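Peer 1: Listed below, chain by chain, are the residues.
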Amino acid sequence: MSSTIKPNAGIMDRIIYDDDIVKMFIYATIFWGAAAFVVGLLAALQLAFWPANLELEWLTFGRIRPLHTNAAIFAFGGNIIFAGVYHSTQRLLKTRNFSDMLSKIHFWGWQLIIVGALITLPLGYTMGKEYAELEWPLDIAIAVIWVVFAINFFGTIAIRRVRHLYVALWFYIATIVTVALLHIVNSIEIPVALFKSYPVYAGVQDALVQWWYGHNAVAFFLTTPFLGLMYYYVPKAANRPIYSYKLSIIHFWSLVFIYIWAGPHHLLNTALPDWAQTIGMVFSVMLWAPSWGGMINGLLTLRGAWHRLRTDPIIKFLAVAITFYGMSTFEGPLLSIKSVSSLAHYTDWIIGHVHGGTLGWNGFLTFGIIYYLVPKLWNTKMHSERLMNWHFWIGFLGILLYYISMWASGITQGLMWQAIGENGQLVYPDFVETVMRIVPLYWVRFIGGALFLIGFLFLIYNVWVTIKHAPKKVKSYVEVSPLKADVTAIGTGHRKLEALSLVFTVILFISVLVGSVIEILPTLSIYKYLPSSEKTEPYTPLELAGRDIYIKEGCYVCHSQMIRKLPFDVLRYGPSSTIAESMYDHPFQWGSKRTGPDLARVGGKYPDMWHLRHMINPREITPNSIMPSYPWLAAKKIDYHILRKKFSVMKMLGVPYNEEEVANADIIAEKEAARIYEELLSQDKSLESAKDTEIIALISYLQCLGKKNLSEGETQ
Amino acid sequence: MSDKDQLIKDHDYDGIQELNNPLPGWWLMTFYITIVFAVIYYSYYTFFGGPTSDEELAQQMSVISSEQQLAQETVPVKSEKDYLALLGNKEVLEQGKAEYALKCLACHGDKGQGLIGPNFADEYWINGDGSVAAILEVANNGVADKGMPGWKGVIPEETLEAVAVYIYSLQGTNPPGARPPQGEKVERK
Numbered sequence: 001m002s003s004t005i006k007p008n009a010g011i012m013d014r015i016i017y018d019d020d021i022v023k024m025f026i027y028a029t030i031f032w033g034a035a036a037f038v039v040g041l042l043a044a045l046q047l048a049f050w051p052a053n054l055e056l057e058w059l060t061f062g063r064i065r066p067l068h069t070n071a072a073i074f075a076f077g078g079n080i081i082f083a084g085v086y087h088s089t090q091r092l093l094k095t096r097n098f099s100d101m102l103s104k105i106h107f108w109g110w111q112l113i114i115v116g117a118l119i120t121l122p123l124g125y126t127m128g129k130e131y132a133e134l135e136w137p138l139d140i141a142i143a144v145i146w147v148v149f150a151i152n153f154f155g156t157i158a159i160r161r162v163r164h165l166y167v168a169l170w171f172y173i174a175t176i177v178t179v180a181l182l183h184i185v186n187s188i189e190i191p192v193a194l195f196k197s198y199p200v201y202a203g204v205q206d207a208l209v210q211w212w213y214g215h216n217a218v219a220f221f222l223t224t225p226f227l228g229l230m231y232y233y234v235p236k237a238a239n240r241p242i243y244s245y246k247l248s249i250i251h252f253w254s255l256v257f258i259y260i261w262a263g264p265h266h267l268l269n270t271a272l273p274d275w276a277q278t279i280g281m282v283f284s285v286m287l288w289a290p291s292w293g294g295m296i297n298g299l300l301t302l303r304g305a306w307h308r309l310r311t312d313p314i315i316k317f318l319a320v321a322i323t324f325y326g327m328s329t330f331e332g333p334l335l336s337i338k339s340v341s342s343l344a345h346y347t348d349w350i351i352g353h354v355h356g357g358t359l360g361w362n363g364f365l366t367f368g369i370i371y372y373l374v375p376k377l378w379n380t381k382m383h384s385e386r387l388m389n390w391h392f393w394i395g396f397l398g399i400l401l402y403y404i405s406m407w408a409s410g411i412t413q414g415l416m417w418q419a420i421g422e423n424g425q426l427v428y429p430d431f432v433e434t435v436m437r438i439v440p441l442y443w444v445r446f447i448g449g450a451l452f453l454i455g456f457l458f459l460i461y462n463v464w465v466t467i468k469h470a471p472k473k474v475k476s477y478v479e480v481s482p483l484k485a486d487v488t489a490i491g492t493g494h495r496k497l498e499a500l501s502l503v504f505t506v507i508l509f510i511s512v513l514v515g516s517v518i519e520i521l522p523t524l525s526i527y528k529y530l531p532s533s534e535k536t537e538p539y540t541p542l543e544l545a546g547r548d549i550y551i552k553e554g555c556y557v558c559h560s561q562m563i564r565k566l567p568f569d570v571l572r573y574g575p576s577s578t579i580a581e582s583m584y585d586h587p588f589q590w591g592s593k594r595t596g597p598d599l600a601r602v603g604g605k606y607p608d609m610w611h612l613r614h615m616i617n618p619r620e621i622t623p624n625s626i627m628p629s630y631p632w633l634a635a636k637k638i639d640y641h642i643l644r645k646k647f648s649v650m651k652m653l654g655v656p657y658n659e660e661e662v663a664n665a666d667i668i669a670e671k672e673a674a675r676i677y678e679e680l681l682s683q684d685k686s687l688e689s690a691k692d693t694e695i696i697a698l699i700s701y702l703q704c705l706g707k708k709n710l711s712e713g714e715t716q
Numbered sequence: 717m718s719d720k721d722q723l724i725k726d727h728d729y730d731g732i733q734e735l736n737n738p739l740p741g742w743w744l745m746t747f748y749i750t751i752v753f754a755v756i757y758y759s760y761y762t763f764f765g766g767p768t769s770d771e772e773l774a775q776q777m778s779v780i781s782s783e784q785q786l787a788q789e790t791v792p793v794k795s796e797k798d799y800l801a802l803l804g805n806k807e808v809l810e811q812g813k814a815e816y817a818l819k820c821l822a823c824h825g826d827k828g829q830g831l832i833g834p835n836f837a838d839e840y841w842i843n844g845d846g847s848v849a850a851i852l853e854v855a856n857n858g859v860a861d862k863g864m865p866g867w868k869g870v871i872p873e874e875t876l877e878a879v880a881v882y883i884y885s886l887q888g889t890n891p892p893g894a895r896p897p898q899g900e901k902v903e904r905k
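Those protein sequence lines, which keep their order, are chains A and B.
For the first sequence, counting from 1, position 517 maps to 517 in the numbering used here; every step adds exactly one.
Whatever position you read off the second sequence (first residue = 1), add 716 for the numbering used here.
It should be emphasised that the hints constitute simulated quantities derived from the structure, not laboratory data.
Computed from a predicted model, the values in this text were never measured in an experiment.
Cβ atoms here follow ideal geometry from the backbone N, Cα and C, with glycine treated the same way.
You can trust all of the hints, since none of them are fake.
Below, computed lysine-lysine pairings styled on DSBU-like, alpha-carbon distance capped at 35 Å:
| hint | chain 1 | residue 1 | chain 2 | residue 2 |
| --- | --- | --- | --- | --- |
| 1 | B | K862 | A | K535 |
| 2 | B | K725 | A | K496 |
| 3 | A | K685 | B | K868 |
| 4 | A | K23 | A | K236 |
| 5 | A | K593 | B | K862 |
| 6 | A | K593 | B | K868 |
DEER-style ranges, computed between Cβ atoms:
| hint | chain 1 | residue 1 | chain 2 | residue 2 | range |
| --- | --- | --- | --- | --- | --- |
| 7 | A | S481 | B | I749 | 39 to 49 Å |
| 8 | B | L800 | A | V439 | 35 to 45 Å |
| 9 | A | E660 | B | A787 | 47 to 57 Å |
| 10 | B | D770 | A | K651 | 31 to 41 Å |
| 11 | B | Q788 | A | S533 | 30 to 40 Å |
| 12 | B | V779 | A | I667 | 48 to 58 Å |
| 13 | A | H494 | B | I749 | 21 to 31 Å |
Input sequences plus hints: build the corresponding full structure.
Peer 2: Set out below in structure tokens:
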């Protein structure tokens with residue numbers, strides 16, 4: 001608990017801030033940052049040169065891309081958030097953290113979760129939902145640790161010596177409350193095994209909940225906490241007052257209220273009902289000004305310190321970070337316009353957009369904060385200002401190369417996909433042709449990423465030397481005046497609200513709940529209202545086994561299963577996907593990126609042997625393919641035994657299987673597999689070793705895609 | 717007014733002060749405009765009869781299918797004689813061979829000897845009579861139950877003709893490891 005030393009004077013309290021926890025989180029930020037960037041660089045290299053996965057299943061793109069995103073967001077981003085929150089909150093509230101014990105549990109718990117992710121994701125244990133890939137034991141751990149963090153934070157608020165909460169703290173509150181809501185609602189899942197579970201939502205429901213979560217992970221994990229950090233560290237580093245208190249109020253509340261609605265912009269032109277798509281789009285457009293409110297307040301706070309932009313690398317990092325925030329939050333609403341989305345969605349433009357935000361805004365803000373905090377915490381000066389400048393310029397160049405190459409790649413490929421000739425046919429019907437065109441840009445992106453990493457290595461070295469030569473630590477106390485008992489002067493209106501932390505938190509919770517409920521609730525009953533002509537067959541046992549392999553290998557990372565209501569999608573892939581087709585999909589696999597073609601109607605398009613050979617070596621079928629080879633699929637045996645359990649969980653979730661199917665799921669699957677295997681063997685006698693292997697299950701899944709909906713069984 | 721006069725009294729958090737600047741006018745105007753846009757756009761598409769995404773798609777697809785029809789009509793109908801005339805054209809054969817390597821080789825073998833798919837180098841044909849027109853028909857529309865994909869719309873028409881001519885030219889080349897004959901024997905005239 002807060003270790004207050006009562007001085008004799010009795011007027012001032014002497015306290016010692018807990019800076020050890022801040023230091024620990026800084027170390028963790030740097031450590032996991034390096035890991036996240038290295039894995040990201042490897043993933044980038046694999047798109048330019050697929051054998052960079054060393055033909056090891058644990059290093060294939062489908063498995064390490066989730067590792068990269070989770071490490072970058074939750075390990076690198078998470079740890080700097082916690083470092084900054086623990087450091088600034090104590091000072092803004094003039095008290096030591098509520099509980100050192102909780103701080104430590106928070107720290108070590110979070111690191112263990114990251115280690116868990118580091119182990120399970122490469123092994124293929126995944127929910128198959130972006131930025132929420134971690135399986136149920138880790139999901140529970142995240143929820144528990146987050147609650148520990150919340151208790152510690154709100155406990156600190158409770159014992160504060162400052163009556164009013166500063167704007168940074170509003171953003172921290174928004175983060176803690178909303179991330180808890182998002183994580184818990186999106187992670188409701190039924191376990192099948194220790195590291196396997198199915199989400200309760202299916203198809204379009206799962207898509208909507210997932211992108212409500214996914215988009216707001218960006219909002220409440222990469223935006224609000226970082227805005228909070230900005231509001232503390234920018235005025236501190238620049239020694240300038242905040243530009244506008246009024247702007248803080250207006251942009252804070254409009255941001256948190258509007259952000260939560262914008263998720264469906266990830267599902268534009270899909271089978272999601274029009275009304276929900278349109279909500280996603282218009283709220284994204286309305287989000288532009290609230291986001292820019294933060295940028296304006298940040299940049300104009302630097303007003304009067306502009307001359308330091310030339311001399312102080314910290315100010316450089318902060319100013320560029322805020323500028324990238326402004327760029328990303330202008331680009332975001334732009335991309336959310338339906339027609340722009342039809343060009344950009346599924347392409348690298350989105351990847352560029354995201355990295356403008358993460359590398360530019362989150363990355364550079366983090367670097368600025370580290371360079372500000374390290375000398376303060378270790379009571380010294382940074383070892384080398386020159387290295388800081390080098391880091392800045394190399395990192396900046398890296399981001400530019402990354403951003404520009406992905407813009408060029410995304411727009412090029414998007415235009416090629418869209419191109420329809422005067423004869424009403426696609427101009428580039430061959431998907432791989434559109435891939436070949438952008439591979440050179442993948443190399444440019446790789447170089448950009450490498451530069452960003454090199455810059456970060458300068459930071460690591462600089463911080464390491466700084467800390468090594470720092471003087472022996474002395475615990476120094478600060479004198480603070482106790483909280484005034486007089487509550488008559490707490491102000492009125494919003495000022496009063498800032499003093500009433502509980503009321504503030506409740507109002508915040510309600511404002512993020514409104515959009516969530518209005519969007520999600522109607523979808524939960526959507527399948528009841530499907531016309532009776534729309535009948536969908538649930539997956540057979542072998543198909544379900546194959547689907548779980550599809551999820552395990554992270555196929556959804558590069559392949560969508562959603563033919564949008566756009567002519568060029570229909571010409572290329574067949575009739576647009578319907579809600580009914582994915583109504584038994586726990587989880588949905590609509591995807592968000594097309595590094596390879598859409599697979600929603602791939603069933604029956606090619607023979608089984610084609611798939612077998614293609615999975616083992618895609619280049620045997622498509623000479624220029626950049627897809628990894630999956631030879632291990634033809635070696636690993638199908639786990640038939642677990643299928644009964646899987647079927648019973650699916651039945652519990654409402655998939656119409658009967659008791660007999662559940663009880664015999666494994667036997668049915670074995671028979672199905674034998675049929676496919678015999679047929680393959682009759683064509684090639686050397687395939688004996690493929691008996692009962694995962695590839696048979698995967699083939700059976702791929703062959704059923706687009707064939708399950710009886711009313712639309714005939715597709716081209 | 718200097719910043720000093722704008723400082724708000726009692727707003728001091730760990731030394732951070734706040735100014736009382738008003739909301740920038742252009743910013744507020746942007747916010748209002750986006751809100752008005754949102755209301756109008758949403759109302760039009762959701763309540764006041766704006767086209768649904770299905771209607772928009774259907775409209776666009778009907779334009780495209782009429783373009784396709786028109787294109788179909790304007791293409792001169794080629795006879796078997798026209799195709800056979802291409803057999804002497806080296807460029808056409810090269811083009812056909814190159815596309816064959818990208819799309820057909822995987823199943824029919826590098827020399828047309830047949831792998832998953834049937835042999836092209838013998839005189840036996842499963843679908844059609846082995847004429848260029850018949851090969852083209854299969855190449856265009858596929859044989860769904862045998863897993864032969866239809867390449868119509870994926871490979872441009874002219875290229876596909878070149879591929880068919882190239883395949884026609886393979887007969888009698890006796891490649892090693894040829895798949896045994898399937899289908900009906902057809903004598904070439």
